[in-house]
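Student: Sequence:
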Amino acid sequence: MSQLEARGQSGPFRRGLSRRHDRGGRARAGSDMVSSPALRKMDFSSDILLRLHWILTVTTAAVGSSASTRIVTEGEPLTLSCRYSIKRYGPSSVCWGRGCGALWCSGIIVQTDGSRVVSKVSEKYRLAGDLQSGLVDLTITNVSRKDKGPYCCRVDIDGYFNDKKVFYTVTVVKGQYLFI
132 MSQLEARGQS
142 GPFRRGLSRR
152 HDRGGRARAG
162 SDMVSSPALR
172 KMDFSSDILL
182 RLHWILTVTT
192 AAVGSSASTR
202 IVTEGEPLTL
212 SCRYSIKRYG
222 PSSVCWGRGC
232 GALWCSGIIV
242 QTDGSRVVSK
252 VSEKYRLAGD
262 LQSGLVDLTI
272 TNVSRKDKGP
282 YCCRVDIDGY
292 FNDKKVFYTV
302 TVVKGQYLFI
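Add 131 to the 1-based position in the sequence shown for the working numbering, that's all there is to it.
Just so you know, the hints here were simulated from the structure itself, not pulled from any lab data.
Source: prediction; values computed, not measured.
Cβ atoms here follow ideal geometry from the backbone N, Cα and C, with glycine treated the same way.
There's no promise every hint is true.
[Said to hold, decoys possible] Cβ pair distances, simulated, as ranges:
| # | residue 1 | residue 2 | range |
| --- | --- | --- | --- |
| 1 | Phe292 | Lys255 | 23 to 33 Å |
| 2 | Lys305 | Ser216 | 38 to 48 Å |
| 3 | Ser246 | Glu205 | 31 to 41 Å |
With the sequences and hints as input, model every part of the structure.
Tutor: This is the structure we're talking about:
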C-alpha cells in the first residue's frame, strides 16, 4: 500500500506546496498531495508563473535595486538619493514615483530624459544634483503627513530587466514646537 493510499487519497494527484512551522517557530516548506485534475492543471500554470516571477525578481534585485527607510519631521525638507554611472550607462531617463511599476514608475512625481526635467507634478518636488553626472536626488520641501509611504527612483538602462531601482519608505513624524 502506498503512502497516499494509507492516507485515504487515490486517483490523480498533484504536489502542492504548503508552509509549516518547526519547533523553533521558523517557517518550513513542505508538500501535500491534493487530488483533482483541474487543480493539477491550474497548479502547473501557477507554478510556472510563480517561478518566472521569482526569477524576474531575483534578476531585477541582482541588477541594481536597493531599499531603505527614512524618517523625517513634518515641515522639514527631505532628500532621497538616486545615482547612476554616466560613464557606464550614458545619459539615461529617470523617474521618481510613489512606486515602481513593471516598466516605469507609478504615481510619477518627476521625470527626466537624461539631460533635463521633462515633467514634475508640483514645485514641492525638485531634483537636487547634476543630471549630467548621474545625480538625480529628489528633494521634497515642507514634508507633510501626505508624503509618507513608498518612493521609487528608476533609471532606464538599455536591455531587459536592467533598470536600476532605489526604493524608500518615508515615515513622517509630528514636528516639535518651541514656545518662547
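Student: What are the numbers of the hints that this structure violates, sorted from low to high?
Tutor: none
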